[in-house]
Every structure is written in C-alpha cells, then in structure tokens.
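Each chain, letter by letter, is given below.
Number of protein chains: 2
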Amino acid sequence: MDDVHARLVRAKDASRATARLTSDDKGSALEAIAKALVDAADEIIRANGQDIERGRADGIGESLIDRLRLDSKRVTALADAVRQIAALPDPVGQVVGGHRMPNGVALEQVRVPFGVVGAIYEARPNVTVDIAALALRSGNAVVLRGGSAAKESNSVLVRVMRDALDAAGVTPEAIQSVDDFGREGARALMQARGLVDVLVPRGSASLIETVVTESSVPVIETGAGNVHIVLDESAPLDWARDIVVNAKVQRPSVCNAVETVLVLRPAAERLVPVVVPALQAEGVTVHGDETVASLTSDVVAATEEDWATEYLSLDIAVRVVDSLDDALAHIRRYSTGHTESIVTTDTRNAERFLAEVDSAVVMANASTRFTDGGEFGFGAEVGISTQKLHARGPMGLGELTSTKWLARGSGQVRG
Amino acid sequence: MDDVHARLVRAKDASRATARLTSDDKGSALEAIAKALVDAADEIIRANGQDIERGRADGIGESLIDRLRLDSKRVTALADAVRQIAALPDPVGQVVGGHRMPNGVALEQVRVPFGVVGAIYEARPNVTVDIAALALRSGNAVVLRGGSAAKESNSVLVRVMRDALDAAGVTPEAIQSVDDFGREGARALMQARGLVDVLVPRGSASLIETVVTESSVPVIETGAGNVHIVLDESAPLDWARDIVVNAKVQRPSVCNAVETVLVLRPAAERLVPVVVPALQAEGVTVHGDETVASLTSDVVAATEEDWATEYLSLDIAVRVVDSLDDALAHIRRYSTGHTESIVTTDTRNAERFLAEVDSAVVMANASTRFTDGGEFGFGAEVGISTQKLHARGPMGLGELTSTKWLARGSGQVRG
Chain C
126 MDDVHARLVR AKDASRATAR LTSDDKGSAL EAIAKALVDA ADEIIRANGQ
176 DIERGRADGI GESLIDRLRL DSKRVTALAD AVRQIAALPD PVGQVVGGHR
226 MPNGVALEQV RVPFGVVGAI YEARPNVTVD IAALALRSGN AVVLRGGSAA
276 KESNSVLVRV MRDALDAAGV TPEAIQSVDD FGREGARALM QARGLVDVLV
326 PRGSASLIET VVTESSVPVI ETGAGNVHIV LDESAPLDWA RDIVVNAKVQ
376 RPSVCNAVET VLVLRPAAER LVPVVVPALQ AEGVTVHGDE TVASLTSDVV
426 AATEEDWATE YLSLDIAVRV VDSLDDALAH IRRYSTGHTE SIVTTDTRNA
476 ERFLAEVDSA VVMANASTRF TDGGEFGFGA EVGISTQKLH ARGPMGLGEL
526 TSTKWLARGS GQVRG
Chain A
126 MDDVHARLVR AKDASRATAR LTSDDKGSAL EAIAKALVDA ADEIIRANGQ
176 DIERGRADGI GESLIDRLRL DSKRVTALAD AVRQIAALPD PVGQVVGGHR
226 MPNGVALEQV RVPFGVVGAI YEARPNVTVD IAALALRSGN AVVLRGGSAA
276 KESNSVLVRV MRDALDAAGV TPEAIQSVDD FGREGARALM QARGLVDVLV
326 PRGSASLIET VVTESSVPVI ETGAGNVHIV LDESAPLDWA RDIVVNAKVQ
376 RPSVCNAVET VLVLRPAAER LVPVVVPALQ AEGVTVHGDE TVASLTSDVV
426 AATEEDWATE YLSLDIAVRV VDSLDDALAH IRRYSTGHTE SIVTTDTRNA
476 ERFLAEVDSA VVMANASTRF TDGGEFGFGA EVGISTQKLH ARGPMGLGEL
526 TSTKWLARGS GQVRG
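Chain order of the listed sequences is C and A.
Each step along the first sequence adds one to the number in my numbering, with nothing skipped, and position 248 is 373.
Each step along the second sequence adds one to the number in my numbering, with nothing skipped, and position 381 is 506.
Same shape as in the complex, but just chain C (with noise of 0.2 Å):
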C-alpha cells in the first residue's frame, strides 16, 4: 500500500492537469463516467448490500440505512446528476472583475480551479459521485474521505469512474479515495496544507465539529441544521400546516428538514390544534411545551434538550413564544444558520425575519426542504455551507472554484 502523503501529491500534480482540460474534455470525461455508473449498477448495488448487511448487523437506524442505500433508482438519478453537472456552464475562466489601472496595467479577476479538493463526509455514497463530478467539472482534482459505513459501496464508484477518466484520457489520479487509510486518512487530509486547497465536511454535527478543530486546511462547514419554521399570528392556517408537515415528513433525515416550530401566542389556539395533529397523521412524535399540550394531545413533553436537537428523524419540538421578538431571540439562540423559514402574511413581519435572521437561507412562506443545489438549479450540490466565509448556502460549480488576479502591463512601475 502506498503511503497517505503520495497519494496526495499525485492528486495535487493531477490538479495541474486537470486545471488545462477545456470545458468540452471535461464534459466527455463525465459523460463517461455517468455511462460507466449505469454499466456498473449491478455491481454498485451489490456492493452496497454489503454495506446494509453490514450496517443492519451493527445495528445502525433507519434513517441511516436510508441514506446508505444505492437501489438501481437512485443508482441512474446518481448518473443523471453526473450528466447534469456535465451540462452545466464551466465556471473556470469567467471573467469576474477587473478593469485597467489609471497608469494602463490591464486588471483582470478569473475563475481558476482550487486545485485539490477533498471532501470528508459519512454514510451517503450518493456524495462520492456528486463531489467528484462538481470537483471535475470545475477543474479540481478531489481527495474522497467517506465513512466507513459505506466502504464497499465507495470503494466500487471510486474505481469505476477512475476507470471512466482513463479511457477518456483523463488521468484517473484526479479522484483519489483515502478510505483504505481509516482514520489516518481523515487526519493526513486535514493537516494536508498546501496539498489540499479546500477541505468540505459533509455529515453529522460532530464529524463537522472534528474538522472544524483539527483542520489547518481551510475548511467550509456544511450541513448540521437545527432549522426552525416561525408561525406568525397571520400565518394562513393552509400554509401553516402545509409548510410545517413537508419540511417535517417529506425526507426526515436530511439536514433542510425542520426540527423546531415557533408558534406566536396569538396564533397558538388557532393553529396548534389542526398543525400538530396533521404532523402526528404523519407518524410524528411532537415535542411541546406546555401551551402545546394544553391545546392537543398525544404531546410528548419538551425540554432544553429539544430545542438544541437535530433530530433528523419523525420528531419536532413546537414551542409557544410571546412575539416575533422572542422567536427571533430563540433562534439566535438555537440555530446552526442553515435555514429558517416563517409563515406569514404581513409584510413587515416578513421582510423583518428575512433582514434579521442569520442564516444561510432565510425563507418567507416556503419549506425548508428548498434548500437544496438542485432545487436551486445548482445541478447537484457539493453541500449546503453554514459558515458565511467563501460559500454560504447550497454549493454548486461556482463556489469549488477560487480566482486569481491577471495583470497585463508594458513595463509600469510604481511611483
């Protein structure tokens, strides 16, 4: 087994290469790969059985499994995102500023490749095949550091499309996997400086905190999402119950899923008792406080706890507050900045939330359940940022690239 470190530097002199393909190379190259991801379905989905088996024999939950799994479905919806990002317009070398210095030195601003990207995330291969596919539409290499949750089924896609790049004529050394190395791989990636250009830890609240801490490569933090739908005193009861069930039920496990509703007390006899039990109809376990369950039954009783949990599972905590001012306190409070969404009919309510909230996504009378790259129209997302530096929000091409500053002069000096 080669050593962590080399298999670092033949991505970083990979990334020079990858650097000069043109836009319509690159395109090929994941027209290629799509192909050979819907060629190796058999063996994909064999290989994430495995990884179930596994998983059920270790007794991970449901919504793990869930987002473990590969069936053929979700094996062509990888292939069709791969080819969507390979029709997406190539973000490298767009000119973004610029203009000619008072003494003519021509300033120019381009897009460039960060180089190396590498990506440390947990149980989702789905994530192996759109990080590699957005790292190589915009130039970059990428260094893969999955869970191990998911070994088989990551070990299969990386092969598979370092296959596709060779026989493109792409150097397959532009996808690297360091999950032979375990743990030590996960450490090499984030002290690799100068190697690695950019780090994206995708998953839980802890990995991304592991990350966040450790790293001395610059980091952009995804994914954890405490996120809160307010229901202000005008909120439409449609709306209301609407908003709140799809953020809840539509896909649980994902971080865009709501886990706590603000409920303003004017509006608290009108909407609890018809948004809570439309959430428990759903298989819901409602966590409240004691205004909720003075309004409904079946409540669960919530505590400090709840207010700071990602659930990520058939859960929600619904809390009365007295004003705006208290829902806006609370989620100052609690939230991890990914994205909060009220519902409302007054305009100054809405545009208040929207001005003052600090989040990522900040939503009027929408699900939470938006915030994504491609419904966003990003084509696939490398993750949705919660930090504000570089990136904040779904990621798509644009943000895996960096840019750099062109000057063009005739020999001007400074005066």
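Wrong hints could be hidden among the right ones.
Unchecked claim - Capping the alpha-carbon separation at 25 Å, the derived lysine to any residue pairs in SDA-like fashion look like this: (1) 137(C) to 150(A); (2) 198(A) to 198(C); (3) 198(A) to 503(A); (4) 276(C) to 135(C); (5) 137(C) to 450(A); (6) 137(C) to 475(A); (7) 137(C) to 448(A); (8) 137(A) to 450(C); (9) 198(C) to 379(C); (10) 198(A) to 219(A); (11) 137(C) to 432(A); (12) 137(A) to 198(C); (13) 137(C) to 457(A); (14) 137(A) to 458(C); (15) 137(A) to 481(C); (16) 137(C) to 198(A).
Unchecked claim - Sample of chain A residues lacking proximity to chain C, with all beta carbon distances greater than 12 Å (derived): (17) 179; (18) 199; (19) 212; (20) 312.
These aren't lab readings, by the way, just hints derived from the structure by calculation.
Ideal Cβ placement from N, Cα and C applies to all residues, glycine included.
We have chain C; now place chain A onto it with these hints.
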C-alpha cells in the same frame, strides 16, 4: 478588567446594530473617525514615539521601525484612507444572484456583513485604522489584536475611533481591542467560533502559521510574500532593470516586494551585468548563484535557504534557470502564492506564465509592488489573501461581506 469573552460578546451584539446601519450612517461615522484622527494627531504621534523608543531600546530592526512609525504625514494618510473608504460604494444589500424557481419561489442572493471580523497583526498601527474602517463600512463589528510593539499607538487609535463612533451615535462596542489581554486575547479570538465570524492574520509567516494552525474560527491567510520576477529571454533590458529595481527598492519591507529574480539562461549574459549593478547602486545585497557571480561582481553566494526566504529588506536572490519550465518549477516549489511577474515580449511565454502560475496575482511586464488594495482601487486593504478560499489577492470591502439567500414564496412545498 472585564473578561475577554464578555468583550467578544459585546462585539457580537454590536454587530447586529452595525449590520442595520444605512450607508449614510456608516459614512458619517467614518467621517467622524477621520476628523478625530487628524484632531488627535499630536497625541497619536506622541504615543507612537513611545513605541518607537521602546522598540529601539529592545533593539528591533529598522524595517520594523519603518512599519511602526506614524508621523504627521502618515496620520493624515490614515485619515485620508478612512475618507476614501467612506466614499466607496456600500457592499451591503447588493444583490449578487437569484432567480425565480419553477414553482414561483423568488430566490435572491444578497451581500450581508460577516458580523464580527477579528484581526491579529503585528507592528503596523495603520492596520488598526484600515481594518476598523473597512469592517465598519461593510457593516461589521471588529475585534483587534495588534502587536505589542505598537501597543501605545494602538491604544490611542482605538480610543479615538471609539469616542468618534460614540459621538456619531454608533455604538463604540463595534470596535474592540483585546491588546490588554496579551497572548490570552489572541487565543480567545482564535477560539471564538460563533462570536467571531472571520479572522484575518496580518504579518510574518510565523504569525500567520500560528493563527492558521490554532484557530477554529475561519481564517483568511494574508501576507507572506516570497515574490518572484522571471526575466524571459525576450525581456527588454530597460523593463527588466526598472521593474526589478522598483519591485525591490521602492518599499522593501512589505509583502509585495520582490525577493527572487529568475533569469532565463539565454538572457543571463545580456541582463545580469546590468540588473545586478542597478540593484547594488540602490544599496541592495545580491545573493546569486554561480552563474550570476561569474557575470558580475560583489555577489554573495546564494544557498538553498535564500530561495525560500522572504527577506523584507534590501536583499535579493538571483538565480539563472535553463528554461521557462525550470522557472515555473522553481516558483511552484518556493512561492507563497502572493505575486509573481514575468518580463517578456513573447506573448506565448506571457500567457503561459499567466495561466500556469498559481498565485493570487500573476503579472506580465509590471512591478509586483502593484499588488495592493489602494493600487487596485479598493480605497485601502484588509490584507492580501494568499489563500484560495473566499478572497484571493488584495481584499477590499466586498471581501468583508458574506451573502445570504432570501426566498419569498406563497405557500410552496416540495413535491
């Protein structure tokens, strides 16, 4: 003395107020700061005199004394920079993206302040004012940690700026210094995730290394500049001489000064005997390889260490390389990714250099001294980012903002 955490919390609270200031409010506050600085010039220069006296007693070098010094002209320049920043367009609220989703949800990506900007820097007291003004103009609060060499100067500068804010009706808590906490202040800043949104280290390579390694707050690396100029076979003699001399001599103590000149072998005999004496005539010590020494006199033998050194003084390394490939390889190995320039009239070589050098600013036929926020038209600069995340090259106002997505719907849910 209150504790450092309480001070960071006050900065965070203040950042909610600064985020909502109008452009006019911010402009007035900055005008008030500019005026207050000029009014307090004598006091500032007196405090600076104490710092310089202590510095000389401690035996710090002349290049450090130069960076530390505030005379009447430099105080006026400080105030002018603040006024220039006040006059710049406000980035906050600028719409940078967006579209209507197929289901009718209106998506809008707008610039918002980061919140709290932290800065850790060394001897230059102008950084105190530049960063505070840039942070305020872009709606941020700022927490400053200056070098102990400038502590008297910084203490007066911070007090003058806070008093001016107060008089202008803006909370003075928007400008905080943690200088009085010594190293503990720097440590607290680096660990203040959730309170400090971005941290900018400015200064020596070792300062930056420490901050990058120890900070869990997102960092923008700035400054260290092992800057190269390549003299191509086609380099005109006058451009080569004027650009190299200007890039080394005009202000040797700053990061955009050139440190190594790489001469292509076919041009060595023509260029070295002119360029090296021109440098020496300006008092520069030339560290050269054997070929350089054979073509001119008074050359100090260069060692491996010279190629890696950011002198920040009237020293320069000169090496003869066989080809542009070798020059590019040398730059890949030793560059800190700040600025590199080529002197050439060969378009093919110029464009290859511009495309392949992976630095924040890549030039053809211009002095590296142009890599500067003022020269780039940003009014002043927060620093020069040598990393690839978020900002690369001179950072101005836009680089001190994040974005957020606003989504305005009418009850939409995800299907």
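Right, here's what the structure says about each hint:
no., hint, verdict
1, 137(C) to 150(A), "violated (48 Å)"
2, 198(A) to 198(C), "violated (70 Å)"
3, 198(A) to 503(A), "holds (21 Å)"
4, 276(C) to 135(C), "holds (22 Å)"
5, 137(C) to 450(A), "holds (18 Å)"
6, 137(C) to 475(A), "holds (24 Å)"
7, 137(C) to 448(A), "holds (23 Å)"
8, 137(A) to 450(C), "holds (18 Å)"
9, 198(C) to 379(C), "holds (19 Å)"
10, 198(A) to 219(A), "violated (35 Å)"
11, 137(C) to 432(A), "holds (22 Å)"
12, 137(A) to 198(C), "violated (47 Å)"
13, 137(C) to 457(A), "holds (11 Å)"
14, 137(A) to 458(C), "holds (13 Å)"
15, 137(A) to 481(C), "holds (14 Å)"
16, 137(C) to 198(A), "violated (47 Å)"
17, 179, "holds (32 Å)"
18, 199, "holds (18 Å)"
19, 212, "holds (17 Å)"
20, 312, "holds (14 Å)"
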